[in-house]
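Chains as they are written, first to last, in our numbering: chain A, 1 to 1006; chain B, 1 to 458.
Read the hints as simulated data drawn from the structure, not as lab findings.
From the three backbone atoms N, C-alpha and C, an ideal C-beta is built for every residue, glycine too.
Among the hints, erroneous ones may be present.
[As the list claims (entries may be wrong)] These stretches of chain A come out as covered by chain B in the derived footprint (C-beta under 8 Å, 3 or more residues):
1) 260 to 271
2) 341 to 353
3) 792 to 805
4) 887 to 896
[Stated by the list, open to error] Some, not all, of what chain A presents toward chain B, calculated at C-beta under 7 Å:
5) R105
6) A719
7) G913
[What the hints assert, rightly or not] Calculated Cβ distances over 12 Å to all of chain A for the following chain B residues:
8) G33
9) A41
10) W52
11) P127
12) V161
13) A201
14) A224
15) S235
16) V328
17) A338
18) T351
19) V369
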Amino acid sequence: MIKRRDFLKVMGVSGPAALLEACAPPQTEQLIPYLVSPDNIVPGVPAYYTTQCRECPAGCGMLAKTREGRVIKAEGNPNHPVGQGHLCIRGQASVQSLYNPDRFRGPLLRDEGGQLRTTDWEQAEELLTSRLGQIKASGSEQRVAWMGRLLTGSMEQLTRQWLQSLGSERLLFYETFDYEPLRRATQIAFDRSELPSYHLQDARFLISFGADFLETWRSNVELMGDFQRMRKARSTERPDNFVHISQRLSLTASNADWWIPITPGAEVQLALAIIHSILEQGLAVPEVDSDRGWIESLVEPYSPEATQNATGVEVSSVQELARRFSQDSPSLALGGGVSSTGEQAVSLELAVLLLNAVAGNLGKTLTFGIPSALDQLATYQEVLDLIQDMNQEKIEVLFLHEANPVFTLPQSCGFAEALEKVPLVVSFSRLPDETTARADLILPDHHFLESWGDFSPRAGVVSIQQPAMQPVFDSKATGDVLLSTAQNIDGMASEFEHSNYFDWLHAYWDSEIRTQVAAEQSWEEFWPDILRQGGHFQEVEPVTVALRNFSTQIRLQPEGLEGPEDGHALLVYPSAAFFDGRNANNSWLQEIPDPVTQLVWDGWVEVHPESGREMGLQEGDVVTVTSPYGSVTLPVHLFAGLKVGVVAMSLGQGRSGELRYASGRGDNPMRLLSPQAEPESGSLLWRSVRVTLAKTGERHQLVSLQARPQDHPRDTLIAREVQDTPFAEQIFPSQLSDSASGEEHDTASSHHEPIDFYPPHEHPDHQWGMAIDLDSCTGCNACVAACYAENNVPIVGKEKCAQGREMSWLRIERHLHDPPVTQESALVQPQVTSVPALCQHCHNAPCEPVCPVFATYHNPEGLNAQVYARCVGTRYCSNNCPYKVRRFNWSASEFPEPLELQLNPDVTVRTSGVMEKCTFCVQRIQAGKNRAGREERQLVDGDITPACAQTCPAEAILFGDLADPDSRLSQRVADPRGYHLLEGLNTRPAITYLKKLVPEKPFDEE
Amino acid sequence: MSSTDRPHNLSPDPTTTRFGRVNRDILGTLHPGRLYFAALALCLLGIGWGVWSWVQQVNNGLAVTGLHNPVMWGAYITTFVFWVGIAHSGTLISAVLFLFRARWRTAISRAAEAMTVFAVMTAGLFPIIHLGRPWLFYWLLPYPNQRGLWVNFRSPLLWDVFAIGTYFTVSVLFFYLGLVPDLAILRDNSTGWKRRIFSIASLGWSGSTREWKHFNSSYLLMAALATPLVISVHSVVSWDFAVAIVPGWHSTLFAPYFVAGAIFSGLAMVLTLIIPARKILHLEEYVTPSHLENVAKLILFTSLIVSYSYVIEFFFAWYSQNPFEQTVFMSRLVGDYAPLFWLMVVCNCLTPMLFFIPSARRNTALLFVVSLLINVGMWTERFVIIAGSLARQYNTTTWGDYGPSWVEWSILLGSLCWFLFWFLLFIRHLPGLPIAEVKEAMIHGSPARNSLSAEGQP
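Modelling step: build the complete structure from the supplied sequences, incorporating the hints.
See the structure below:
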């Protein structure tokens, strides 16, 4: 027997010893504070730099948020007229393209054996200098060509001067998507070769003939904002005021009240038929009285009756369209988009301009006198001419700047082959692409977040672009390259007094801009204002234009498509995420679903289910799509949002080269298109071929992030029968008045009788909540990208997405409803509601009581908080969440170098095995409170905005304090359109959704 | 072993006395053969494979499983509920039937108690196995800490901790208590170090009248303590699902439904274990077909309760007019989960109907086959409830189907091997029948209730 005393002795020693063992201090880390801190860097405090987004030619203003010298987030610049504080999905994803792991690390030179070898800038520039010096010395002209993205301002001036100094005028501003047919049409109709400006916000009825203005057309952020202003002002009696006419139910078409699926080429006739009907009904405005003669004779053969067969639209619908377009004044008709640019493109634009004229929209919703930068674009015909010159060996040096023509031009035009004939091909591309694969010298330009620049998307807006951080890699600003080579070429150095682009830009802004707009200010006064604002912005007065008689110039032959008669017309459309493929290597953009199809990480060809049945095609069958000019291999996606007889492909996937996220997905539709230019405008003929589809016998898994009826056909049928409560609720105008009259309606306000077991939570200071307007949300996914950027959400890749393990905290659910009105009509109700689904921060959260370790709890400000450090991963919370917004870390998240530089230091990076979800950007809430505390004031409404709400171009998401009766949110939740998701479960979410207002009568009905 | 060494006649002569023969027969089962070692080795192999699979999961995260949004619980929780359920039958047989004075239980009560203990041990592994961060499992235990954190007592998972912890404790104590007289017999019939171990384990049992009196009252008390656990533990486990918001889980029926199902599956597992064991260990005289028949009758009874529960759930779904619940149940009836559902109906509802036939109840081969089918059917039932409901929740855009991955199958296999491993050790080292009770039954019981057949007179 052990004695008690001895026992205690042993325990007394070994016990604490065992504890000490476990209490060994963790490894200490050396934290060395700044001895001399860099300017503008206070650790923990973000610094914002105004700049602009260069992902597309829209030129939205941007604020780059930096922490400790690294860019971590892109936001819209509220002062900037384009975008007005918002960014689209491409703008939000631009931080990832900055840190893209496949970026060139430095300049590259192709050696004798055809391999690209790394070199340094000195050597690279030396090669360039010697070649250019030879050319300059020889005095030969036009031997140097530049093909690059749209430039304005200082960079345009530099490039133009530089080329001129080398004896060349060959400066081609090349954008994959141009607007040449429209510009040609305005030249014909108004003698002004410029793109018009649109003022959607003032329109009361909108018809779009295929212009996808919510995705990529012109300036989608700005237009989406204007569109929402238009929608908010619409009458509740007839809430349908947007008709979209196209072959494909794009995202823009999904947001229309009525969609007219129309035969390719019949758009013009429909436009003319509407004009005919306007004239017939005597609704034309007096301003066109002097032109009535030629207009009437022009449209005479195109009465609604005569065109009915071609367009498929009933007479009554055309008449109603005409009536509403004229009477709901001012209205607006938008012209064609990329996928409707066929042989008739100019005629279509002319017809649309005429339609606007007879309805009296000129000078109101459609104005001139504000030239766009896009007016400077080179036409496709000019590119073809350059290719011809290249083939004839007239070009010695070709510069490619922010352009990938080997990918974005029709393969049949022979650009790649022509490159072989150019002795020196220089690319300034940052990423390997199909064109750099044929380049001799690669001089990687900075990313726009790393460099100076300026861009003027339209008159009156001159944006400044400033570097928000040091270059990540050994790239060099193209402007610097131009100037440093100029210094070393005999005869050029004298023409260029500045040795670097920074000085050049300053000189330009001083001499060209300040003298024009702020002559009374000194440079020292002028420049900081510019940097603070993001540029110089001023209103430009539009000019009045006179309609010219163009009846002889509108040609209406049937649109010819090359290819077999029994083939399908091919529609190629720009990708909202990848644009023209430039962003395909961005992992966020690959993983964020395509808003219309919800597919990820893939390219596909869209085929109507009817056509699929005829051809014996199933979803996922791999087919060869063949046109007279080439073929591609793609999996089939059955999509009912197509005009039967048309197949569609987006431009963007099918990339090749060392692009880890982009390569080997899908195929490039540019292999199928005709090389011809549209003769009138010189534009690319996007709609030019018919294709045939042939099964290869292989199958390919297409991954959708949203469960589809075809995934569970039997159970979906069952659910449809029993679930008559849709997740996404709509409201009809007649119901609005019912709700307003005091009928029982559940909102987050006090009308709801609590039937709770426990007493309600108390929120002494704030109660954070949100209102999401489903009538405004277009489903563009910009908020999703913003959330990924702000909250360090990891990417999981296609395989894990197929397994249902994507990590997005916020997703857009695309709900399709059966239309309430049944009608046999060409006008289809898209009946799509996009519902942003995120953590509802329920007052009676079902996830909270079931977590055994209190890793999720209700915080005193109304948030459902998730404590990553406490979570052990039982996953009960996710089971109990009826909204399925919780995401589990199935494995450790990966951020390949240097993507980890983008991570937000205010947000934990979660480990494997813990649950995560939307936190209402609690780090921003905290930052807002800290700021208010430092400034010794109360929080005011608008101090705190989560990332999703901040970027939404439609301003569909409103965040605020429900405990503050004066906040905008408190007003918004009292709206009769308000409801909660799954109201009957009594979860009492903090998010109020506002029902989408939909028409309840057929279009033709009064 | 001369009779002069021992103070009491605890080792009767097997050739001349009935008690002696009981000792010889039952103690005779404790000699392992080659078959035994082979089975043990296979079990160890299975356990090793399961452990290795789990190591993969710990290293690579739960990505190695088939789980995904929205099915966050799958094979692991199914198996957890399966093993907890099986445990209940053992306590039913050894404690509840004891209180009801059902003397026929004697033959199988020891094995059933052992099954309970090992099933609870197996079940208790799974709440740790399925965690995202299993090294922090102890955070589910309420211990004082410097952060001032308590566990969330409102969470059903916490109730599980207490229920299963209690159940394990009580079952082990009850099992041990009942073993004490038998450990004494083992002590008296062994030598050397084994004798020393059994001496300590048998707590100095001498078989005096006073000791027997204390033994009986404490056994009775333990039985009474264990009895409510039969109802409460699986009710608590069922509330893991019933208090959740998931359509298909949220039902007041779950507690009695699961308790009945637990007893049902446990009885089947008893048959699965005992029928081969009695054959291999030559205990046919002690575990007679009439014992097995009684088990079969209980199986039939609980099967009827379970069938009733299935039907009533459909009634609830129809009567409630709750579209989400109706969707889940239609999915089981005619939808995507119909194959599994109907498999479970055949195994759990239809095959036990055979036991209405008296001769079927005494046919050991049939009993064994049906018990295996019931085990499969009951695992499938939990799978349909857990994964089938999670896959078809409120929002159709979030639906997703689940299939276990090789890791999950491996761990299920490993758990089976772990259970069998302990059971094999038990069979080898401890008497599979309660020797003392068998003898007691011989003295007190009527010929019809005797463990030995009427002809078994010396």
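Exercise. Tell me, in ascending order, the numbers of any earlier hints that this structure violates.
Key: The structure conflicts with hints 1, 2, 5, 11, 12, 16, 17, although it agrees with all the remaining ones.
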